[in-house]
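All chains should be modelled from the sequences, with the hints used to inform the complete structure.
Letter by letter, the chains look like this.
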Amino acid sequence: MPGGTNSTEMTATPATRVLGISAVAATAPMILLGLAISPADVVQGEAVRMLYLHVPSIWVAYGSFVLTSFSSLLFLARSKRRPDGGRHYDRLAGSAAEIGVLFTAITLITGMLWGKVTWGTYWQWDARLTTTVLLFVTYLGYLALRRLPADPMVRGRRAAVMALISFINVPIVHYSVDWWRTLHQKASLSVGRRPEITGEMYWTLLYSVLTVTIIAAWLTVHRYRVIRLEELRDEENLEMLISSRRNEKTADGTGHGDTT
Amino acid sequence: MDLTPRHEIEEPGHLRRAIHRRRRWSIFAITVVLIAAMAVITAQGLRNATLFFRNVDEAIEQRAELGDRRFRIQGRVIPASVQGESGVTTFQVVYGCAVALVRHTGDPPELFKSPWIPVVLEGNWVPGDIQTVAGTDSHYFRSDRMLVKHTNEYASANEQRVSESPPLGFLDTCPFKVPVNTS
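Chains as they are written, first to last, in my numbering: chain A, 1 to 260; chain B, 1001 to 1183.
Since the hints were made in silico from the structure, they are not lab data.
The structure presented is a predicted model; accordingly, all values stated were derived computationally and were not measured.
Even for Gly, the Cβ is constructed at its ideal location relative to N, Cα and C.
Here are the simulated lysine-lysine pairs, DSS-like style, with alpha carbons at most 30 Å apart: (1) B:K1113 - A:K186; (2) B:K1113 - A:K116; (3) B:K1177 - B:K1113; (4) A:K116 - A:K186.
Label-pair restraints from in silico Cβ distances: (5) B:Q1083 - A:E46: 23 to 33 Å; (6) A:R246 - B:R1022: 27 to 37 Å; (7) B:I1027 - A:L232: 22 to 32 Å; (8) A:G45 - B:Q1083: 22 to 32 Å.
Written out as structure tokens, the structure is:
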């Protein structure tokens, strides 16, 4: 990176270090609870342990996509009123979407492995699985859109609109098991519905949701800062190029740059 | 990131067009790939999603309409009815007080042995005089694909034993009795 690396270009701060240490510290009991302390299921046996990664992953993905949509909405609404043109909201939307896509991928992979053991197949085109893979592809498209070369504000507006359109699928994914007949079971955790999970298994699941949320928050903060650093690098490069071109012009005195 | 290409001074039109063409192509390619992926997913999903399976009572009710067409049927396996010989597993599935006899070819999934497990079977109706716990029937279901449909209920294996009895309330209103496997 031109200009060298200094402490201000690091993505970690004391607060995120605490968050990171908390994430690592919380993961150890989650592994212990999920793999050893919580009991096997009366029907599924040991396969039930996949629950403690599968369910938290999709909840964190939902949360990330909510954050993406909310930030996109703020970007569209407040870009003219903020000194940075609302780029803060754009960065937040992008970093949350990356983490959402990551955890949707984890959900799909763990779901396929779990499905092979319990259903007897890795994949079926039922409503839940279909809408989930559609969610993954849509947000992958959103991330691709963010990478296309364009003016940052134009790109931000396009991405924000796509983020809001993509979010329509989130409630569809969640309620697909209620709206259609699916091979996938009903939601294990749902607002306003009593969980059908007993004792230690329920608390292990809640603990896992909390742990995965801390990990996701930590990753989101770092991704946000990396995106900001990329922007700073681009701005610095641009300034250097403009300055070097000005110098060449002054030295040449012709108004034409060096074409070598 | 060179935003002011030096060669543009010599060949501005040519290079600008090349860059714009490349950008247009990349946008076009990404859009086409995404639309194609979403179209495949939606087409596959919609075909199956709205009616992934018929419950046993519906499949029996629609038997004439279904003919020998392939479809998926869903019901709970009656534990005492399971018999297996030479790669064919015979058992009865029940849902909504309707019972169907199933002859399934192939290895059932591991969880099939769990009593009263809900299963989704893919196959078709075949004519034949058969006997089920609900009485005589004119067809059986020939299946070659079985998926276990587990529920969202989780219980500790330490505290709860696998019950051979039907799930609470599942057969309460049915006019027939189901034998309980005591072996």
